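Chains as they are written, first to last, in numbering that gives the first Met the number 0: chain V, 0 to 160; chain X, 0 to 563; chain L, 0 to 623.
If you're looking for bench data, these hints aren't it; they were derived computationally from the structure. Some hints could be false.
Stated by the list, open to error - List time: in silico EDC-like cross-link candidates among lysine to aspartate or glutamate, alpha-carbon distance up to 16 Å: (1) K88/V to E321/L; (2) K323/L to E64/V; (3) K18/V to D460/L; (4) K323/L to E160/X; (5) K310/X to E47/V.
Said to hold, decoys possible - The following residues of chain V were derived to be distant from chain X, with all beta-carbon distances above 10 Å: (6) D5; (7) L15; (8) A25; (9) H35; (10) E53; (11) L68; (12) G101; (13) E117; (14) A158.
Fair warning: this is a prediction, and the values are worked out from it, not measured in the lab. Glycine included, every Cβ here is placed at the ideal spot set by N, Cα and C.
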Amino acid sequence: MKEQFDFSVVDKILALHEKKQQAIIAILQEIQEEYHYLPREIFPYLAEELGMSEARIFSVATFYENFSLAPKGKYVIKICDGTACHVRKSVPILERLRQELGLSEEKKTTDDLMFTVETVSCLGACGLAPVLTVNDVVYSAMTPDKASELLKTLKEEIANA
Amino acid sequence: MTEKQYVTIDGIPVEINGEKNLLELINKTGVKMPTFCYHSELSVYGACRMCMVEDERGGLSAACSTPPRAGMKIQTNTERLRRYRKNILELLLANHCRDCTTCQNNTKCKLQDLAMRFNIEGVRFPNTAKSNAEEDSSSVCISRDAGKCILCGDCVRMCNEIQNVGAIDFAYRGSNMVISTAFGKPLAESPCVGCGQCVAVCPTGAIVVKNNISPVWKAISDPDVRTSVQIAPAVRVALGRELGVKDGEDVMGKIVAALHRMGFDEIYDTSLGADLTVLEESAEFMERLSSGENLPLITSCCPGWIQYCEKKHPELLPNISTCRSPMQMMASILKDQAKEKGEKTFHVAVMPCTAKKFEAARDEFKVDGAPNVDVVITTQELVTMIKEAGLMFDALEPEAVDMPFGTISGAGVIFGVTGGVTEAVLRHVIANKSRADIMMVANCGQRGDEGIKEFDITAGESKLRLVVVSGLSNAEKVLQRIKNGEKIDFVEVMACPGGCVNGGGQPFAVRQDKEERSKGLYKSDRLLSIRRAEQNPILKTLYDDIIRGREHELLHVHYGKHNQ
Amino acid sequence: MLKNRQELIAFRENAKKAYDLQEKKIIVCAGTGCVAGGSLKIYDRLRALAAEKNIPVSVELEVDPHGESVALNKSGCHGFCEMGPLLRIDPQGWLYTKVKVEDCEEILEKTIIGGEHIERLACKKDGVSYAKQDDIPFYKQQTRVVLEHCGKIDAESIRAYMAIGGYTAFEKALFDMTQDDIVSEITKSNLRGRGGGGFPTGRKWEQVKRQKELIKYVVCNGDEGDPGAFMDRSIMEGDPHRMLEGMMIAGVACGASEGYIYVRAEYPLAVERMRTAIRQAEELGLLGDHILGTDFSFRMHISRGAGAFVCGEGSALTASIEGKRGFPRVKPPRTTEHGLFDKPTVLNNVETYANVAEIINRGADWYLGLGTETSSGTKAFALTGNIANTGLIEVPMGTTLRKIIFDIGGGMRGDGEFKAVQIGGPSGACLTKEHLDLPLDFDNLKKVGAMIGSGGLVVMDSHTCMVEVARFFMNFTQNESCGKCVPCREGTKRMLGILERIVAGEGQDGDIELLLELADTISATALCGLGKSAPSPVVSTIRNFREEYEAHIYEKRCPAGACQKLKQIVIDPELCKGCSKCARQCPVEAISGKIKEPFTIDLSKCIRCGSCITACAFKAIKEV
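The task is simple: from the sequences and hints, build the whole structure.
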């Protein structure tokens with residue numbers, strides 16, 4: 000048997016938004032901030048509590064790129080592929096990271112749930128292109144080699160944790 | 000005096016008369032605009048972009064979402080518009096399964112129709128349609144094939160806006176967008192109630208009625224099996240143009256003839272089951288009124304509604320009438336008789352309804368593990384069978400249903416339209432039994448195609464509040480009022496807007512045709528000599544010989560207890 | 000809590016006094032760019048050092064000002080991200096660039112205590128060193144209105160904003176002007192929407208003001224989704240109160256009592272700064288019920304986007320605030336009549352609102368004096384791509400591309416030659432050499448089939464392949480298509496498919512015509528503005544660089560040498576020693592030749608794997 004999901008966190012978030020249907024995006028965002036993804040268990044629960052269909056919540060969750068239905072890694076690396084970063088060669092950085100972590104366009108998270116590598120359309124830090132973020136911290140003027148270095152540091156962090 | 004206002008459509012001035020949009024106005028000029036996503040009963044979605052019109056300055060707008068303004072000058076068929084429409088169709092076809100010949104909706108498909116109308120000769124893009132391996136056939140009522148979906152969203156709006164079921168919605172976005180249940184779960188595991196209204200609006204073969212024709216043919220061909228069939232009231236007025244029949248025309252006699260020709264051994268009219276329902280339900284209503292318990296009484300004929308109540312409001316199940324639906328009353332008597340005789344039988348029900356397929360499969364209606372109704376086929380499937388048998392429907396001479404269950408009343412016939420059950424019960428319970436009183440009952444307020452109709456009647460010293468509702472969103476509104484403590488005594492619920500005549504299993508029809516169907520049933524009622532259920536002479540025999548003492552076993556059911 | 004106008008004025012006076020007492024100021028840029036470069040560490044270091052050295056530092060404007068102190072502030076983006084982290088020293092107006100933590104001590108000692116300029120940290124261009132920020136060519140040629148305070152004041156302090164005259168326009172609008180006065184002033188100024196369409200703001204406000212509904216909304220579009228644009232982010236991060244004030248004035252003018260700011264989720268700092276600003280305004284009673292003792296009540300909410308470009312479209316944005324999928328809806332009805340929650344709604348973007356307070360303060364005539372006849376005021380642009388000075392700039396409408404790229408932007412980065420500039424992001428078009436002297440305003444751009452969009456300028460040089468650029472934008476729009484209407488959902492997918500074939504060397508005769516045909520259908524029939532403009536990059540690159548498309552399709556050649564799959568590998572006969580090493584490495588036996596004579600490559604066999612290039616010891620093999 001699966002363990003019972005603890006809804007206390009979700010309850011708090013729901014209460015904060017007075018269980019309003021219109022707040023569904025904010026509610027999902029806050030749940031995701033808590034779990035780093037949207038656990039499947041919350042969908043029927045939210046449907047019940049908010050009085051909207053589960054299909055509708057699924058519909059909203061899959062429309063917006065920032066929601067993830069699969070667990071993400073401890074470190075979420077987002078490579079900007081906005082115009083400015085693209086013309087300053089962000090793709091090789093992405094390729095390097097994917098290669099070193101054994102990831103691909105389809106497989107975005109490592110099996111040990113340590114790293115997630117994804118692209119983002121523009122971080123608005125075009126002046127520092129190409130950029131990437133690790134858990135929302137911006138790293139500017141990246142190169143494939145700098146990205147490898149960064150990975151090394153992060154892996155050390157994990158080892159020392 | 001207000002001056003008349005006009006829009007010039009293709010050079011012809013057309014008067015604006017309260018039309019909500021240009022599309023409605025254009026239809027008045029005898030031009031059939033191409034659309035996929037416009038249905039007057041649903042909200043305007045404006046996504047297929049087929050109904051674009053061009054103004055005198057070359058500006059384009061979608062007719063479905065543009066309100067008519069006095070002085071507008073529009074063209075509906077210009078060189079540019081034709082080009083764009085062709086391109087849109089080509090783009091849709093590039094992403095669409097093109098195995099038309101083996102599609103259940105072949106010749107009934109809007110995409111196919113428009114592709115022919117616009118003379119699409121080829122598709123310049125690789126075909127990227129989803130493979131039909133992804134077809135969801137988990138539901139016993141309907142099946143979905145994403146490879147044939149053009150994402151017009153008609154089903155989504157129907158399921159959510161009109162039916163408040165919310166089984167399906169859009170998921171993902173852009174070119175990855177699909178119509179899906181939550182997490183793509185099989186439809187059978189979703190809140191779907193099987194009403195089939197999505198089928199009724201789907202322009203292609205992406206959502207279709209689950210086809211159960213084969214077992215019927217097989218049973219007919221089996222010499223050791225005695226086949227019987229019952230035909231629901233709403234079927235007779237909706238066979239559709241495909242068989243050369245106008246909507247609303249009662250062709251029951253021809254249907255009977257066709258079924259005889261196909262080889263059915265016994266043919267009956269579900270209206271008799273409805274007559275039984277009237278008697279049982281009236282008695283139940285009187286009983287509840289006197290005990291004051293479980294009011295309002297809510298009708299139980301509609302299987303889509305039953306599932307809705309079970310899934311969304313189980314706390315209201317005690318209010319549901321314990322009467323089986325007319326189909327099930329009919330079937331349990333037939334099966335009981337067959338058992339008596341020791342015959343091996345196969346019972347088919349022809350229904351306007353997709354949800355009946357689910358009802359037939361319910362455990363509550365099985366005796367020794369075997370269902371009372373072996374197979375439900377919809378009106379659409381009946382049409383297919385008639386065609387398959389090669390019968391020239393026009394040329395068939397009408398025939399009568401078989402005895403001993405061959406007499407019906409008008410009360411049973413009008414079960415097929417919203418308000419019909421209520422009217423039939425009222426006819427039964429009014430004190431005076433004159434024809435004039437029946438006319439009076441007709442004007443109580445239960446007739447008409449509004450979604451929610453309510454009215455009071457005086458019964459003895461008390462005033463009773465009756466509500467007639469069709470469409471599940473409307474039902475939901477009434478349920479909320481009940482939950483809020485409003486005093487209502489009787490509620491008739493039909494899941495499909497307008498009642499069974501517009502069931503999910505009926506052939507496609509536009510609004511005007513649907514109205515003709517209701518009128519047709521009322522006309523058939525008027526033409527019958529027996530208008531009231533209890534006057535049906537067969538009922539007395541039935542009660543005397545079979546039912547008395549076994550009412551519960553044969554005619555009643557308690558939902559919510561068996562299907563845990 | 001400020002109860003009335005007098006208290007507001009007194010509060011402002013007090014803040015101004017405190018501000019004036021801070022004679023010396025160190026302003027650390029804390030925009031996204033400089034933060035990424037470590038500016039917060041610099042700020043912390045300066046603060047710690049000052050404490051060690053007993054320098055009286057005030058990080059906030061004091062409520063009860065006494066004695067002089069050195070201000071240490073975090074500001075928003077200066078725009079010159081290229082040179083960050085940036086540090087401004089006032090009153091001298093010096094700008095220190097590429098500052099490091101190690102520089103802090105020297106800055107405090109020499110500059111703050113000693114009043115001395117540190118030459119090493121100054122900005123240098125073409126051998127000239129510029130001490131003052133305003134003298135640097137990048138800044139000198141700009142006219143800053145909406146970005147006026149960005150980089151000059153503490154972005155997290157309402158007192159700082161008040162000290163330089165903040166909320167005077169709101170005060171004026173609330174007490175001295177009628178709703179009609181405000182709307183007519185904005186109308187007269189000819190302020191046009193900075194989000195792309197250029198719709199007159201005054202007319203929009205007028206439409207909403209006219210509505211009889213009791214509930215109306217003011218919504219700010221901060222969903223700056225164009226890749227390569229970050230003006231709005233910088234305003235929200237650098238001068239949040241200015242935008243807030245603009246929205247509040249809109250609220251007064253139109254009779255709305257609630258406002259929503261929709262910010263992209265990718266801008267966490269902007270969200271934080273806006274939240275801080277709202278909280279501060281609420282604490283002072285500038286937001287809330289019965290503001291400053293009047294009948295005007297106004298509440299502000301923030302909605303964070305969740306990653307959908309289409310939500311930059313008005314009706315999709317309001318749908319998203321309502322908790323729905325970001326589907327644009329058909330129009331009419333207009334947002335001004337049936338907008339957010341079906342109520343009349345003023346919807347403008349960040350930059351538009353940021354203009355409002357100054358127009359009310361200085362009057363419409365002042366604003367009309369800036370810019371061109373049909374497009375008044377200034378426009379902020381994000382300058383990126385292959386340009387020397389990337390960053391954020393603001394110039395009067397009507398400034399030429401030449402001035403922006405060569406004077407302010409400092410020309411090309413690297414050895415490439417100017418080829419084109421993409422204006423307006425994925426909905427925009429490219430401008431080429433022939434447009435360099437075109438004064439940029441709404442109407443001129445429209446004439447050449449382009450649009451200002453939100454103001455992203457991506458500069459491309461001769462090494463950029465325009466077909467690949469078109470593919471890049473189409474890939475973006477296709478990814479971001481909401482999927483609602485058929486032409487955009489299916490059409491962009493097919494256009495992308497064709498472009499992908501072309502850059503892969505699999506283009507066919509007729510592809511260009513098919514692209515144009517699809518583009519025409521999409522532009523004419525798509526449901527929303529973003530769909531209609533989705534084919535623009537393709538159409539404009541075909542119009543201006545058709546020969547590049549033809550080279551890809553018919554000659555299987557990329558003139559810019561950028562498309563990987565079209566690269567040709569050649570052996571330079573001058574350098575080749577005929578050692579045969581390359582031939583032995585070649586997996587498909589495409590290389591042949593006689594030993595000690597130059598080898599050759601059979602291009603029909605070559606799979607462009609590049610192993611010969613790495614194998615050659617004489618660097619004789621190249622990709623061209």
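Cross-check of the supplied hints:
no., hint, verdict
1, K88/V to E321/L, "violated (38 Å)"
2, K323/L to E64/V, "holds (14 Å)"
3, K18/V to D460/L, "violated (53 Å)"
4, K323/L to E160/X, "holds (15 Å)"
5, K310/X to E47/V, "holds (12 Å)"
6, D5, "holds (21 Å)"
7, L15, "holds (24 Å)"
8, A25, "holds (19 Å)"
9, H35, "holds (19 Å)"
10, E53, "violated (4 Å)"
11, L68, "violated (8 Å)"
12, G101, "holds (25 Å)"
13, E117, "holds (16 Å)"
14, A158, "holds (36 Å)"
Comparing the model with each numbered hint stated earlier shows that hints 1, 3, 10 and 11 do not hold.
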